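Chains as they are written, first to last, in the numbering used here: chain Y, 575 to 950; chain B, 575 to 950; chain U, 575 to 950; chain L, 575 to 950.
Because the hints were derived from the structure by calculation, they are not lab data. All values reported here derive from a predicted model rather than from experimental measurement. Fair warning: there could be bad hints in the mix.
Copies of the same chain are indistinguishable here, so a pair counts whether it falls within one copy or spans any two.
In silico EDC-like links for lysine to aspartate or glutamate, alpha-carbon gap of 16 Å or less [said to hold, decoys possible]:
(1) K915 to E787
(2) K705 to D670
(3) K900 to D724
(4) K606 to D724
(5) K657 to E854
(6) K927 to E787
(7) K579 to D610
(8) K817 to E704
(9) K803 to D793
(10) K817 to D724
(11) K927 to D608
(12) K606 to D664
(13) K579 to E911
(14) K803 to D635
(15) K927 to D664
(16) K927 to D903
(17) K606 to E930
Protein chains: 4
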Amino acid sequence: MAKNKRRIGLLTGGGDCPGLNAVIRAVAKTAKNDYDMEVVGFYDGYEGLILNRYTSLNDSDVSGILTRGGTILGTSNRADPFKYPVLQGDEYVYLDRTSQCLLNFESLGLSALIAIGGDGTMAASAGLQEKGLPVVGVPKTIDNDLAGTDVTFGFDSALQTATEAIDKIHTTAQSHHRVMIVEVMGRYAGWLALGSGLAGGGDIILIPEFPYEIDAICDQVKLRNSLGKTFSIIVVGEGAKPKGGEMVVRRRIENSPDAIRLGGISYQVAAQIEGLINIETRVTILGHLLRGGSPTAYDRILATRLGVEAVHLAAGGETGRMVAVKGNDLSSVPLSEVAGKTRRITAGHPWVKAAESIGLCLGLPTGVPLEKSLST
Amino acid sequence: MAKNKRRIGLLTGGGDCPGLNAVIRAVAKTAKNDYDMEVVGFYDGYEGLILNRYTSLNDSDVSGILTRGGTILGTSNRADPFKYPVLQGDEYVYLDRTSQCLLNFESLGLSALIAIGGDGTMAASAGLQEKGLPVVGVPKTIDNDLAGTDVTFGFDSALQTATEAIDKIHTTAQSHHRVMIVEVMGRYAGWLALGSGLAGGGDIILIPEFPYEIDAICDQVKLRNSLGKTFSIIVVGEGAKPKGGEMVVRRRIENSPDAIRLGGISYQVAAQIEGLINIETRVTILGHLLRGGSPTAYDRILATRLGVEAVHLAAGGETGRMVAVKGNDLSSVPLSEVAGKTRRITAGHPWVKAAESIGLCLGLPTGVPLEKSLST
Amino acid sequence: MAKNKRRIGLLTGGGDCPGLNAVIRAVAKTAKNDYDMEVVGFYDGYEGLILNRYTSLNDSDVSGILTRGGTILGTSNRADPFKYPVLQGDEYVYLDRTSQCLLNFESLGLSALIAIGGDGTMAASAGLQEKGLPVVGVPKTIDNDLAGTDVTFGFDSALQTATEAIDKIHTTAQSHHRVMIVEVMGRYAGWLALGSGLAGGGDIILIPEFPYEIDAICDQVKLRNSLGKTFSIIVVGEGAKPKGGEMVVRRRIENSPDAIRLGGISYQVAAQIEGLINIETRVTILGHLLRGGSPTAYDRILATRLGVEAVHLAAGGETGRMVAVKGNDLSSVPLSEVAGKTRRITAGHPWVKAAESIGLCLGLPTGVPLEKSLST
Amino acid sequence: MAKNKRRIGLLTGGGDCPGLNAVIRAVAKTAKNDYDMEVVGFYDGYEGLILNRYTSLNDSDVSGILTRGGTILGTSNRADPFKYPVLQGDEYVYLDRTSQCLLNFESLGLSALIAIGGDGTMAASAGLQEKGLPVVGVPKTIDNDLAGTDVTFGFDSALQTATEAIDKIHTTAQSHHRVMIVEVMGRYAGWLALGSGLAGGGDIILIPEFPYEIDAICDQVKLRNSLGKTFSIIVVGEGAKPKGGEMVVRRRIENSPDAIRLGGISYQVAAQIEGLINIETRVTILGHLLRGGSPTAYDRILATRLGVEAVHLAAGGETGRMVAVKGNDLSSVPLSEVAGKTRRITAGHPWVKAAESIGLCLGLPTGVPLEKSLST
C-alpha cells in the first residue's frame, strides 16, 4: 500500500446477509473516486482487526462482486473485541482485545473504520468509538429489526426468497388440502414473517410481537374450510410464542446418540392443529436459505447508497455514528443510541393494519384488539 | 348483486404493470371485511364504464390472483371518457362519453369509483370528479414517474426484471469483450434506467433528464479498456437523447412492404460507438418484458396497502384524491394536482449522487456538473 | 356432457409434483383435437373415482394452467381403491372399493382411465386393469425413482429448485467458514441428491444407495480446509444411512406436549461432524419446497408429451400400460412390470462416474470402489 | 508449470453459452484427479492458440465458476486458424495460421487440445486434427442444431430463459388483448422457438424448417378471438421465413446517420397482422439475453459430464472426435463427420407431433401435412 495516503478500514460482522458485497464495492469505489483513499479490508469481522488479518481492497478486488451473496471479507458471529474467546486449557475464556484493535488500527495508519453489521457489531463499535477508535456503522440484518433506521439492506432479498418459497408451498398446499406451515427467521421481531405473509398470501401469520392463541388459529382454518378453501398457509416467525408461553427454541439434546432435538415453535403449532382439528399439517423451515443468494435490485441500490454514505461520514470525521435510512433519504444516528435496541412491529403499523383489512389472522380471535396483545 | 348494499366500482387503466391484481384483491377483500361493501369491476379500464361492461368481484373471484402479473379486469390504453374513439365511416372521431359514465355509475348504485392507472387515467379521473363522479385514484406505472407519490407499485418488479436481464447480459459482454447496450422503458424519466444501471453494475447510464455527449461515452469505454476491463455495459432509458438533439422514437415507415423501421436511440448510440472507436456493440431492448410477470414481494405489499387505503378513502367519501406514498407512510393528494405532471430525476437525487461517487458515467464528460446539463 | 361422445377419465394421485397441470392440459387438448373425446377429471386421485366426484375438463378449464404448480384436480396420498380407509367407530378399516370404481367408470360411459401418479398409483392401476378397468399410467415423481422409464416429469423442476437453494447456501457457507448440510427428498433413491450435488457444486453427497462412513466425510472436510477451502457443502438424500446402519426417519414422539421429534439423518451427521472435528455445521431441509412451483421448461415439454401420448394409447385401446421415456423417445411398458419397483443409482451410473472424476466425496474413503458399498 | 508433466490445452470458441465454465471446471478437475495432468487454457478461442496467449488452470482457478455464465477464458467469433483476419493497410486479409498453432501447441508440450465450441470451432478443429494437432471437440450452442449429438449444453438454459420471458409476456398480452410476438435465436433451426413455444404455451410457432403462410397465422388469431381468447402469443425463431420467401435478416443500412435498420422477420409478421386483421401487435426480441446467465441444473450436469468425458478421450488418445450425447449416454463421433452440418427439426419429430396434437399452429393452414412444407 502506498505511503502517505489516507486510509480507512472496513469489516463485515454478524450473520450473513445479501448485499454485503455491494456495500464493500461501494466503499472501495467511493473512497478511491471521491477521496483518493485506500481501503483496508479486515477478514472475518472484528476478528481480522484483533488478529491483524487484512487485505487491501482496490478497484479490481471489488469488480464483479455486486451481484454475489455473502461477503468476500468473511464474517464471524463471535469475534467481539470486548469478549474475545480464547482457549485456555480445555475452556474458553473471554478477554478484552480492544487495546490490540487500537494498536493494529494505528499501525496501519487508518483514519476511520467502517463496520457493517447488526446489533452486536454496532454495540462493539460504539464501545470502540468511546475508546478512541473512530467507527462508522452500516446497519445490516435480514431481520430488519435494527433500531435507528427504517430499513436494513438484506431484508428485501430475504423477503423475496421467503415469498418465492411460500409461492411454491402454496400450490402444493392446495393440491393436498393441507395446512402448510412455513417458518422464517426473526427471533425478536416479525418483519420477515409479516412481510412474506402479506406478499405470499398467507392466511395466518404468527410473530413474536403478538402471542397467539391456538384456538384462534384452528378457528381460522375451519372458517376457510367452511368457505371451500381446503388448505391454509401459516407463516411463522421463529420467535413466535403462545399467549402466556415462552419462545420455543430448537435445540439439540446434548449427549444423545440420536441427536434428538426439540422441535421449534412450528412443530408445536403443527402438532396442536393435527391434535385439535385433525387436518394434516406439514412444516417447512426456510432457515439459512434466507441469508444467501444474489441481492434484489432494491437491496443492491440501498447497499450501494449506504456504502457511499459511510465513506462520506468517515472522510468527514463524522464517526461514532451509524448510517440510517429515514423515508427516502439517508441520515445518521449515534452508535450509542442504537446499540442493544430492537425495532419491533407495533399494533398500529401500516402492515398490520393492511393485514387486518384483508382478513388475515394474526393468531388472535377476531375482534380482539391487537394493542391488548402486545408481547413484551 | 344484493340490493341495498353499498357498492363501489373498480377499474384498471393504462399500460400493464405487475401488482394490478394485488390491488384488485386488496380492494375486494377490504371492501367486504371492513365495510361489507360490494365491488363492481369494470372491464378494460374506462371502456368498461363507458360501455357498461362489468363483473362483480367477490372473495372467490380474487382468490389466487395476488401472485399473477396482468389484470383480471383487462385494461385499455385508449379508452378516455373525454375522447372516446368511435368509428364513423372510415375514420375515428373522438367523442365525450362522460355523461354515459355518470349514467352507468348511477344506475349501478355506486358510491365511488377506484381507478388504478397512470397519468392518463388520473387526468380522466380528475375530470370525472369535477363532473360529479367521485373517484379515488391509485397510482400505477412501471416508469415510476407519476407526480404526487414517492414511488408507484410495479416499479420494483420492473426494476428487478431489468436488473436480472443486465446480470445475464453481463456475463456475455465479458466473454466477448463487447459493448452491450440494454434499453429499458422510460420515455420521460430515467428511473428504471438509473435504478437498474446501479443495481446491475452498468458502466454508463443514459437517461432523458441528462442529454448525453457521445464522446463522453466513448471516453469511458476507452478508459475501461485501458484498465483491462475489455467490456462495458450501457443502460439506456428509451427517452435518452443527445445533447442538443431530440428523442429518437422507433417507428415503422408506413407503406413499406419490408417494414423498415427507424432504430431507436440505442441503435444510434451503438452505430456511433462502432464508428468512432471500432468496438463491437450489441443492443438488447427489454421492452414489454418489464411489464409482465409476478410482482416482487415489495410490490405485492405496496399494492396491497394501496388497495386497502383506496377503499378507506372511498368509504370515507374522501374522493377526488389519489392515494400516495410519502416515505414509509400512505397519504393522498388531489387528483387535479397530479394530472399531467411527470416526476423526473434531478441532478441532486441520492441515486445520482451515489452513481457519481462509484464512478458511473451518466453520459457527460467527467467534471461537468450535471446541474448544467438538465434536459428541459 | 354430451351423449354418445367417447369419453375418458383422468386423475392425479400421490405426492404433489410440478408438471401435473401440464399433463392435464395436454390430455384435455389432445382428446379434443385428435379424437373429439370428452375428458372427465376425478378429484383427489382415486378418491374421486371411488366417491364419484368429478368435473368435465374442457378447453377453457385447462386454459392458463400450463405454468402452474400443483394439480387443479387435487390429489390424495391415501386413496387406494384396494385399501380405502373408512372410519368405523374410532378406527379406520381398510376396504376394497374396486367394484365401486368399476361401477362409476361404467355409469359415466368411460372407455379408459388415465392415471397420473407414482409407485402407489401405478400399483393400484395395474390391479384395476386386471379387474377389467382399462388404465393408462403416466409416471410422476420428483424422486425420479420409478421403474420402467428413464426419467419422470417433475424431477427436473425439483432438481432446479434444490440447485438454486444450494447456490444460496453456498455463499453463506463461504462467508461463515461452516459446513452446511442441505437435505433433499429421496427416501429410496438418491437422484435428487446426486443431481443437485453435481449441479450445485456440493463437496460431499450422501445417498441411500451408498451407505456412508462418517470418517470419510470428516476427512474430506479436513482435506478441503487444508487446501484453504474453509467451508464444505454436504448434500444429503433423506434416505441416506451410515454403513451398517438404518435409515433415520424423522418422527414425532407421540403424546409429547413439546412435540419433541427425532432429528433426521442430516442432524445426526451434523452432530457427528461437530463432535469429531469441531467445525460449526448447520442443516437446511428443503422438504416440500421441492414439490411446488412452476415447472421448468424441460418438465413442461416432457409433461405435455406424456399427456399427448397417454391419450393416443387410451384412444387406441393400448391400456394396462404406462407411458415411458426411453432416451429421446416415448414408449410404454406394462403396468404390472413397473408396480412396486424402484429405480436406484448404481455404482457405474454416468453421474456417479462424473462425480468421482471431479473429486466429489460420496461418503466413502478414497480408493474404496463403490461397487463394494452398494446398499441393499 | 511443472516439467515432465502431461499437459493438455483447452479453449472456448464461438458465441457465448451458459455452461462453458462448468465444462472448464470439469476438465481441470478431471485432468488433475484422474490423470494428474496440467491444463493450459487459451484465451479467446483459437486466437489464444494463434497468439500464444494462455493461463494455467489449477483447482483454485476453477473454484466457484460452476454457477457463472460466460467463460473465464473469453471467446471469439472470428478467430479461425485457417482464415485469421490480419489488418494490412486499411483492409483485413485472411491468413492461414495453422502452422503457428502447431508450433505453439508443441512448444507448450501439449498432448491434446480440448476445443469447446459450435459448428465453426468443430470445423477448424477437424482441419487441425488433419494437420497433426490432436483435438477433442465438445459441442456447444444454445441453438441445439449441431449434428452428431442429441443435445448441446446451453440449450436447456436458453430454453428456460426464453420460457420465463414468454411467461411474462403472457400476462401482459392477456391484459391488453394483443398479439405479442416473441423472437428467439435460431437462424437455421427452430429448436429454441419450438421448445419455448411448447413450454410457454405459445399459440403460434414459426420456425425456419416450416415456411409459414401469413393467412394461416391470421386465421388462428381470429379463431382464438372467436373462442373468447382475446390475445395470442407468437413465438418466432429468427430464421423463420414465409412460404416462397427468404429469411429476413436485420441489418443496419450503412452510412445512414440515423442508423435506420431493416426490421427482422418478427416486425414483418407484426406489420402484416396489423394490416390484415387490425389487431394490435407488439414485438419483443430476446436476443443476447438467451446467451447469458447461470446455467440450469440440467446444463450444469450435462456440461460437467461432457468435460469429464473429453478428458478421458484426450488422455486415451482418442482425438479427432467430438463428445456426443446419445439418449442418456455419452459417446463420440468423428469431427470430420459433424463439421458443417446442421441438425434441423423434421415434420415427424416428437415435439412437432405433440404441438399438433395440442392444437398449436405452426404457421400452416389446418390440415396441410407439414411434410409437404419442409424448408430446404
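Verification of the hints:
Proximity of K915 to E787 under the C-alpha cut-off of 16 Å is found in neither arrangement, the shortest distances being 27 Å within a copy and 46 Å between copies. With identical chains, the CA atoms of K705 and D670 are at most 16 Å apart within one copy only, with a shortest distance of 12 Å there and 71 Å across copies. For the identical chains of this complex, K900 and D724 are neighbours both inside a copy (6 Å) and across copies (13 Å), given an alpha-carbon limit of 16 Å. Taking the closest pair of Cα atoms, K606 and D724 never come within 16 Å of each other, the shortest separation being 29 Å inside a single copy and 32 Å across copies.
Taking the shortest Cα distances, K657 and E854 never come within 16 Å of each other, neither inside one copy (47 Å) nor across copies (20 Å). Taking the shortest Cα distances, K927 and E787 never come within 16 Å of each other, neither inside one copy (19 Å) nor across copies (49 Å). For the identical chains of this complex, K579 and D610 are intra-copy neighbours only, at 8 Å inside a copy versus 46 Å across copies, given an alpha-carbon limit of 16 Å. Taking CA atoms no more than 16 Å apart as the test, K817 paired with E704 passes in neither setting, with 41 Å inside one copy and 52 Å between copies.
In this homomeric assembly, K803 and D793 come within 16 Å of each other (Cα to Cα) only inside a single copy, at 13 Å, whereas the closest approach across copies is 41 Å. For a Cα distance limit of 16 Å, the shortest separation of K817 from D724 qualifies neither inside one copy, at 28 Å, nor across copies, at 39 Å. With identical chains, the CA atoms of K927 and D608 are at most 16 Å apart between copies only, with a shortest distance of 11 Å across copies and 44 Å within one. Taking the shortest Cα distances, K606 and D664 never come within 16 Å of each other, neither inside one copy (46 Å) nor across copies (41 Å).
Within a single copy, K579 and E911 get their C-alpha atoms no closer than 32 Å, and across copies no closer than 52 Å, so neither meets the 16 Å cut-off. In this assembly of identical chains, the alpha carbons of K803 and D635 lie at most 16 Å apart only when taken from different copies (13 Å versus 53 Å within one copy). For the homomeric pair K927 and D664, neither the shortest alpha-carbon distance inside one copy (53 Å) nor that between copies (44 Å) is at most 16 Å. Taking the shortest alpha-carbon separations for K927 and D903, only the inter-copy value of 12 Å comes in at or below 16 Å, while the best intra-copy value is 25 Å.
For a Cα distance limit of 16 Å, the shortest separation of K606 from E930 across copies, 12 Å, qualifies, whereas the shortest one inside one copy, 49 Å, does not.
Hints 1, 4, 5, 6, 8, 10, 12, 13, 15 from the list above are not met by this structure, while the remaining hints are.
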